[in-house]
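Chain V: place on chain F using the hints.
Protein sequences, first through last, are from chains F and V.
So the first sequence is numbered by this note's numbering: it starts at 364 and just counts up by one.
So the second sequence is numbered by this note's numbering: it starts at 364 and just counts up by one.
If you are wondering where the hints come from, they were derived from the structure by calculation, not from laboratory data.
Do not rely on the hints blindly, as some may be mistaken.
Because identical chains cannot be distinguished in the list, a pair is counted as satisfied if it fits within a single copy or across any two copies.
Quick list of in silico lysine to any residue cross-link-like pairs, SDA-like style, CA-CA up to 25 Å [what the hints assert, rightly or not]:
{"#": "1", "residue 1": "LYS571", "residue 2": "ARG604"}
{"#": "2", "residue 1": "LYS571", "residue 2": "ALA556"}
{"#": "3", "residue 1": "LYS433", "residue 2": "ASP516"}
{"#": "4", "residue 1": "LYS495", "residue 2": "ASP516"}
{"#": "5", "residue 1": "LYS495", "residue 2": "ASN585"}
{"#": "6", "residue 1": "LYS495", "residue 2": "ARG518"}
{"#": "7", "residue 1": "LYS571", "residue 2": "ASP386"}
{"#": "8", "residue 1": "LYS495", "residue 2": "LEU392"}
{"#": "9", "residue 1": "LYS394", "residue 2": "MET475"}
{"#": "10", "residue 1": "LYS367", "residue 2": "PRO471"}
{"#": "11", "residue 1": "LYS593", "residue 2": "THR543"}
{"#": "12", "residue 1": "LYS394", "residue 2": "VAL490"}
{"#": "13", "residue 1": "LYS593", "residue 2": "ARG561"}
{"#": "14", "residue 1": "LYS433", "residue 2": "GLY580"}
{"#": "15", "residue 1": "LYS433", "residue 2": "ASN672"}
{"#": "16", "residue 1": "LYS571", "residue 2": "GLY598"}
{"#": "17", "residue 1": "LYS495", "residue 2": "GLY453"}
This structure is a prediction, so every number in the text was calculated from the model and none was measured.
One letter stands for each residue in the lines below.
Protein chains: 2
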Amino acid sequence: MAEKQYRIGIDLGGTNIKVGVIDADNRLLGKLSMKTRPLGRDWHLVVADMAAQVNHLLEELDIAVEECIKIGVGSPGMVDHIAGVVTYAGNFEWEYVPLLAELRCSFPHMPMRLANDANCAVLGEAVAGAAKGARHVVLITLGTGVGGGVIVDGRLQEGGSAGGMELGHTLLKLDGELCTCGRHGCLEAYASASALTRQARAAAEGDKHSAMHALCGGNLGNMNGIIPFKAARQGDQTAQRVVDTYIRYLGEGIINFINIWRPEKVLLGGGVSNEGPPLIDPLNDYVRPRAFGGERGYVAPVVQATLGNDAGLIGAASL
Amino acid sequence: MAEKQYRIGIDLGGTNIKVGVIDADNRLLGKLSMKTRPLGRDWHLVVADMAAQVNHLLEELDIAVEECIKIGVGSPGMVDHIAGVVTYAGNFEWEYVPLLAELRCSFPHMPMRLANDANCAVLGEAVAGAAKGARHVVLITLGTGVGGGVIVDGRLQEGGSAGGMELGHTLLKLDGELCTCGRHGCLEAYASASALTRQARAAAEGDKHSAMHALCGGNLGNMNGIIPFKAARQGDQTAQRVVDTYIRYLGEGIINFINIWRPEKVLLGGGVSNEGPPLIDPLNDYVRPRAFGGERGYVAPVVQATLGNDAGLIGAASL
Numbered sequence: 364m365a366e367k368q369y370r371i372g373i374d375l376g377g378t379n380i381k382v383g384v385i386d387a388d389n390r391l392l393g394k395l396s397m398k399t400r401p402l403g404r405d406w407h408l409v410v411a412d413m414a415a416q417v418n419h420l421l422e423e424l425d426i427a428v429e430e431c432i433k434i435g436v437g438s439p440g441m442v443d444h445i446a447g448v449v450t451y452a453g454n455f456e457w458e459y460v461p462l463l464a465e466l467r468c469s470f471p472h473m474p475m476r477l478a479n480d481a482n483c484a485v486l487g488e489a490v491a492g493a494a495k496g497a498r499h500v501v502l503i504t505l506g507t508g509v510g511g512g513v514i515v516d517g518r519l520q521e522g523g524s525a526g527g528m529e530l531g532h533t534l535l536k537l538d539g540e541l542c543t544c545g546r547h548g549c550l551e552a553y554a555s556a557s558a559l560t561r562q563a564r565a566a567a568e569g570d571k572h573s574a575m576h577a578l579c580g581g582n583l584g585n586m587n588g589i590i591p592f593k594a595a596r597q598g599d600q601t602a603q604r605v606v607d608t609y610i611r612y613l614g615e616g617i618i619n620f621i622n623i624w625r626p627e628k629v630l631l632g633g634g635v636s637n638e639g640p641p642l643i644d645p646l647n648d649y650v651r652p653r654a655f656g657g658e659r660g661y662v663a664p665v666v667q668a669t670l671g672n673d674a675g676l677i678g679a680a681s682l
Numbered sequence: 364m365a366e367k368q369y370r371i372g373i374d375l376g377g378t379n380i381k382v383g384v385i386d387a388d389n390r391l392l393g394k395l396s397m398k399t400r401p402l403g404r405d406w407h408l409v410v411a412d413m414a415a416q417v418n419h420l421l422e423e424l425d426i427a428v429e430e431c432i433k434i435g436v437g438s439p440g441m442v443d444h445i446a447g448v449v450t451y452a453g454n455f456e457w458e459y460v461p462l463l464a465e466l467r468c469s470f471p472h473m474p475m476r477l478a479n480d481a482n483c484a485v486l487g488e489a490v491a492g493a494a495k496g497a498r499h500v501v502l503i504t505l506g507t508g509v510g511g512g513v514i515v516d517g518r519l520q521e522g523g524s525a526g527g528m529e530l531g532h533t534l535l536k537l538d539g540e541l542c543t544c545g546r547h548g549c550l551e552a553y554a555s556a557s558a559l560t561r562q563a564r565a566a567a568e569g570d571k572h573s574a575m576h577a578l579c580g581g582n583l584g585n586m587n588g589i590i591p592f593k594a595a596r597q598g599d600q601t602a603q604r605v606v607d608t609y610i611r612y613l614g615e616g617i618i619n620f621i622n623i624w625r626p627e628k629v630l631l632g633g634g635v636s637n638e639g640p641p642l643i644d645p646l647n648d649y650v651r652p653r654a655f656g657g658e659r660g661y662v663a664p665v666v667q668a669t670l671g672n673d674a675g676l677i678g679a680a681s682l
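Okay, chain F solo, but in the shape it has when bound (with noise of 0.2 Å):
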């Protein structure tokens, strides 16, 4: 019999459905993407996707599914990691999707597990990136919405039931913007790459000089998470102040969340996050004096996560 080794991965996004391979050594073997879309279709036809995917990349890394140990299925939205459903997903009109038990139906007798996406990105950032070796772990992603997955000694956390570790629908400020969840001032409504967006564009309205109006090629319209940043650096003070404004929303964010689980490191992930330096600089200059303790407890640094979009890929494989 075929020695188990290797763990296959799904990340179920908007976009792509993406599978991989990982073996012992947390190492991607090779991996496969095929579009999602269209969005809102049967979800039978979704999860037949991604076993025809996990098939056709086995065949070609000639692997026989007997070698395999477990699939791991990363979900955006609302996850219930126990049942293994899909409770809501927004984005696919999904709910209450059944999807480790429709998916049980090609794998039969594969031990399976689910998760949230940004779940599965601190896992894989634990296993096998920025966070190889630390036990405490706490990463937010910024993108269209704020993710977060949190690991406590070694452990991912997932909540009780469906839906915990939404780090990003947790108060920033009282009565404050509307957030997608209905709730006003989630940290989300600050500090995604939508409400960068957002915050640009009216700094820009008010100020016609802002270099901001030539880098969306005069419509602001085009307005993304990357021009005030790149603005600022031309010296733009409109941009700077958009760019400062951001830095203090996340990082009143992510002493929030030292405070709680006072984290080894505090990974960034997700588009706003490659903005790098002038983004992490100044917020790990802004959080070391304000979390709670001041210089007498240990202050994570926060670092820019590395596996990028392979991050969810490998923590699905390793849940």
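Quick look at chain V alone, frame taken from chain F:
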């Protein structure tokens, strides 16, 4: 040789040093209490008092120290649970007090643990109180400050280093009220008994007809966290607004913790929690529809802790 079956808990507070002994069924067999004061005296003397109290209680209960498995100590302030050191306790003017090392001089070879007092309280409630049998629990203590304790999958959460699980020092409102920790807008600055007292006093100052004046004996310096609830029950609208606003502050904090941990129960302890249903019922009504995922997710009921002052003692003995 005597069978080891008893555990010793020490609850160090600003007012009292309490010691207790529990049996294998987490029953409190006996306890003693003495004044901690004067605050600011040499910490060696405080630890000597703890040791003397333990010996005194064991003698009273006719239990030999050899029959005890371990000693657990709950301390206010910032605690390094790994090193057994009180990093900082403002009340006592303590910094880096090696409490366990000192206590070990009196009880050589005895296994010992140190934790923050709110962490002990949640553990006590989980082994013998309102959260008995639950594996995922959040406790919030509403006293002079706001303390927090969390149990995940049956394990006490303490953070990766000193100063974790400071739920009172997570943000309610960016740029809000100044907190004792130096940060602006912490939950503690809105939801502690001291904050409630301040809110009630300000409201009474603005309404000379409020029933709160009489309940303070005409002197708003006598305001406390009980009076607004009492006045609201008498039909005083100003007091009712104070209560409603306080419930909203506390509710928003609780929603944050549900969105993170998805516990089975949220417990309220500390002075303010003694209000019972007039606090707890509207709090549940506020929290239930506002947690992330709304009706799709399980939302923990908020309930009153049941062990009162014994929670910390039983929890310390259970560390």
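Checklist entry - Going through the earlier hints one by one, which of them does the structure break, listed in rising order? => result The structure conflicts with hints 5, 7, 11, 14 and 17, although it agrees with all the remaining ones.
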